[in-house]
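Asker: Sequence:
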Amino acid sequence: MTAKSGEGAQRVDSTLFKGLKILETLAAAPSAMSVTAISRELELTKSSAYRLMQTLCRLGYVRQGEDKLYGATFKAWQVGRQVINHLNLREFAAPQMGRLSQITEHTVYLAVPEGMSVVYIDKIESRQPIRSWNPVGGLAPIHAVSTGKAILAADYERWRERLKGNLTRHTSLTLTNIREFDEEVEMIRQRGYAEDKGEFRDRVIGYGAAILLPDGSPIAAIGITMPDFHLDDTMRETYPALVRTAAEEISAALARN
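Numbered per this note's numbering, the sequence shown spans residues 1 to 257.
Rather than coming from a laboratory, the hints here were simulated on the basis of the structure. What you are looking at is a predicted structure, and each value in this text was computed from that prediction instead of being measured. Incorrect hints may have been included.
Unchecked claim - Here are the simulated DSS-like cross-link-like pairs (lysine-lysine), alpha carbons at most 27 Å apart as the crow flies:
hint : residue 1 : residue 2
1    : K46       : K75
2    : K46       : K68
3    : K68       : K21
4    : K21       : K46
5    : K21       : K75
6    : K164      : K197
7    : K46       : K18
8    : K68       : K18
9    : K75       : K164
10   : K164      : K68
11   : K75       : K18
Work out the full structure, taking the sequences as your base and the hints as a guide.
Answerer: Below is the structure:
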């Protein structure tokens, strides 16, 4: 089997190619798949698909449930996280985080997904005497903060099924209905940023935007948070654009790396 690359063709290992295509297909699927469905979608023989999925199971990238259906595990995500760590995301984001802090004087966070949460891997403290607070290494529910919602919106097809039944309430403003969350995601995609209206902590609001790899997949988000009494109408208009621009600049820096 061959694959095109640039002006010429490069030879690739067909077995590895098929195995990785199976893994990609399972990772993108909203639910577990049968051998028959996999073989049909990728135009493989059932025996070949079965053999490759058993190999992926043994390596820990795929699991088989009691219903005999196959699904991707988090091992591929863990490998991806190791790659992200080597990218030194904090270093790439530092200039934009510093600029956001200087302009807004509010808390700036850099967050990555961790299960059904985001974990804050870097932050710059607010200069205000009354501020929002979450430590580096702290967790927040991915559906209830701006950085988390930005990440979800950038890869919603993969996340939606996992969110069903997991939209836990934290304040009276938390979105707990998947249909309402669908509408929120559409708005985030149109605007290019997400807003936390006080959905995790009462009267603590924020704006966040996703940081993307060259293939468009989200690996992190940058955001600012503050108590709502610090925000006036002018800030409500300017802060979202600042956050969106910062995320775009970090994404562009990653693409150049």
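Asker: Each hint: holds or not?
Answerer: Do the hints match the structure? See the list:
Distance hint between K46 and K75 is fulfilled; the C-alpha atoms sit about 24 Å from each other, no more than 27 Å. Among the hinted pairs, K46 with K68 is consistent with the structure: their alpha-carbon atoms are about 14 Å apart, no more than 27 Å. The straight-line distance between the Cα atoms of K68 and K21 is roughly 20 Å, inside the 27 Å bound, and the hint therefore holds. Among the hinted pairs, K21 with K46 is consistent with the structure: their alpha-carbon atoms are about 15 Å apart, no more than 27 Å.
For the hint pairing K21 with K75, the CA-to-CA distance comes to about 16 Å; that is within 27 Å, so the pair holds. A hinted pair counts as satisfied when its Cα atoms are at most 27 Å apart, and K164 with K197 qualifies at roughly 21 Å. Of the supplied pair hints, the one linking K46 and K18 holds, its CA atoms being roughly 13 Å apart against a limit of 27 Å. Note on K68 and K18: the hinted pairing holds, with a Cα-Cα distance of about 20 Å set against a maximum of 27 Å.
With a CA separation close to 22 Å, the supplied pair K75 and K164 stays within the 27 Å bound. Restraint check: the Cα-Cα separation between K164 and K68 comes to about 23 Å, which is no more than 27 Å; the hinted pair holds. Restraint check for K75 and K18: the C-alpha separation of about 18 Å stays at or below 27 Å, so the hint holds.
Of the hints listed earlier, there is not a single one the structure fails to meet.
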